[in-house]
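*Asks:* Chain residues, written in single-letter form:
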Amino acid sequence: METLQKIASELERGHDKEVRELVKLALDDSVPAATILEDGLIAGMQVVGERFRAHEIFLPSVLLSARAMNAGVELLEPHLGKTDARSRGTIVIGTVKGDLHDIGKNLVGIMLSGAGFEVVDLGKDVSPEAFVDAASESGADVIGMSALLTTTMPAMKDVVALVEERGMTGKVKTIVGGAPVTEDYAREIGADGYGFDAANAVECVRELIG
Amino acid sequence: MGPFLERLKDGPVLVADGAMGSFLMKHGLEPGRAPESFNLERPEVLREVARLYLEAGAEVVQTNTFGGSALKLASYDLDDRTEEINSAAVMAVRETVGEGAYVSGSCGPCGRMLAPYGDAEPEEVRESFRRQIGAMVDAGVDVVCVETMTDLAEATLAIEAAREVSLDVPVMATMTFDATPQGFYTIMGVDVPSAARGLLAAGANVVGSNCGNGIEKMVSIAKEYRDCTDAPLIIQSNAGLPEMEGGEVVYRETPEFMAERALQLLEVGVQIIGGCCGTTPEHIRAIRAAVRPRPQADAAAA
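Quick note, the sequences are listed as chains G and H, same order. For the record, in the first sequence the residue sitting at position 64 is 64 according to this note's numbering, with numbers rising by one throughout. For the record, in the second sequence the residue sitting at position 111 is 111 according to this note's numbering, with numbers rising by one throughout.
Hints are computed from structural coordinates only; laboratory data are not their basis. Watch out, some of these pointers could steer you wrong.
[Claimed, not checked] FRET-style restraints, in silico, Cβ to Cβ:
no. : chain 1 : residue 1 : chain 2 : residue 2 : range
1   : H       : R197      : G       : L80       : 24 to 30 Å
2   : G       : G170      : H       : E95       : 30 to 36 Å
3   : H       : E248      : G       : S87       : 52 to 58 Å
[To be verified] Derived pair list, reagent style DSS-like, types lysine-lysine, alpha-carbon separation capped at 30 Å:
no. : chain 1 : residue 1 : chain 2 : residue 2
4   : G       : K157      : G       : K171
5   : G       : K124      : H       : K9
6   : G       : K124      : G       : K171
7   : G       : K157      : H       : K9
8   : G       : K124      : G       : K157
9   : G       : K6        : G       : K24
Positions of the beta carbon are idealized from the N, C-alpha and C atoms, including for glycine.
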């Protein structure tokens, strides 16, 4: 459908006003909201993710596309049924305690939202309790942790330990990432997954949720 | 030490100092606390690190003000003490080095993204740097070092703020690049030629790169800079990338490894060679001995 393709391409260009207008047009034309979301917005964000992964575009473009996506989703939200939106799964994300770096974590949130997941973003300097409480409250499938500093990485171990303590191991999966984080480290602390970049994080989440 | 820019033009290579953060952590800086808190609470640690780097052969010694812009300090509720924090840092270094080294005022990112990518407005970012750099210049820095930048717009605002504060204090500006299959780019998509162009246009006197890479990639970055500008260059390399080994952080590039490759930086025509994350006084001593040995001090290292 031509309008949906236009939505995707305007989203790829980061044009939030155009995306808003086209989404309105599609809704007026009685295109189901879930279809607009899937074939317009998510399809566009998918291309953005691929281009970013291929180092063809950078953070600024991704952020503008994310803004365009959010503009579109805002208009669709009242029309989306409970079963339509974000039924792929729920992830709680945050930058661990003591760490204020969130660019990577924000990117992961954008990619996950863009792929149709429900994202609960706790921000930065997030305590293990906050991660696990949010996971319980939101019925999350995955907890995603980010760190940029080697000194704050140990906090990831605390979150994994707390998940176990609360008897949630297996029910809530854990995934870690960030510049100094490695697959070895993820294994060492008992995390269920490791994402080496934002796009890989989405793949891992898909695998973990199954 | 004579005027900085003249020294760069007429003199041999200058060696700058190394990492600060790891040193502070060894002296009790806890994760989650602002490193700049030491400027108020533990200035003796600042003096000690400056002394060690000076003895190792550094002639450009940086202040502990990487996160000292008002906006960055605000995330620790310390912005009302911006001037004090920056001033104390400059004084700690000056008291230690006297006229034996150039005191370089470190200015790192403000921690916020400029609109339309984030919610920071240009004027508040410029003002944030103005407060920081104003305090540094008042306290007597020899040069301002805008560093670890990834956004050209932010770097421009910092350089402009420095020029506004004083036209007499030279400005260095360095960006942090990632090695991608498409070449070196900052996370915001700035390549080396764009960085050179933009930073110099904004008024920087010296340009270059710090952080993000070990010395081998830095040699490549230096070459790219040299290919597009004759301006003085500064390179402050990591001692490799940090790895976790049994609960400890290790940086793999040894002083010898870095010193050997520092000679390549010399060949490219880099005027100032220093270290970033993971480097120690030993790294600086080795680099100094390699690029501009001191007959007495470096006899042991040779």
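*Asks:* How does the Cβ-Cβ distance of H:E248 and G:S87 compare with 52 to 58 Å: does it lie in that range?
*Replies:* Hint violated: Cβ distance 44 Å, outside 52 to 58 Å.
*Asks:* CB of H:R197 to CB of G:L80, is that within 24 to 30 Å?
*Replies:* violated (46 Å)
*Asks:* Are the Cα positions of G:K124 and H:K9 separated by 30 Å at most?
*Replies:* Status violated; Cα separation ~45 Å.
*Asks:* Next pair to validate is G:K6 with G:K24; report whether the Cα-Cα distance is within 30 Å.
*Replies:* holds (13 Å)
*Asks:* So if I understand the rule, the pair passes when the alpha-carbon distance is 30 Å or less; does G:K157 with G:K171 pass?
*Replies:* holds (17 Å)
*Asks:* If you draw a straight line from the CA of G:K157 to the CA of H:K9, is it 30 Å or shorter?
*Replies:* The given pair, whose Cα atoms are some 51 Å apart, is violated under the 30 Å limit.
*Asks:* Does the Cβ pair G:G170, H:E95 satisfy 30 to 36 Å?
*Replies:* violated (58 Å)
*Asks:* Mind checking the alpha carbons of G:K124 and G:K171 for me, to see if they're no more than 30 Å apart?
*Replies:* Holds. G:K124 to G:K171 sits at ~24 Å (cutoff 30 Å).
*Asks:* Taking 30 Å as the top limit, are the C-alpha atoms of G:K124 and G:K157 close enough?
*Replies:* holds (17 Å)
When the structure is compared with the earlier hints, violations turn up for hints 1, 2, 3, 5 and 7 and for no others.
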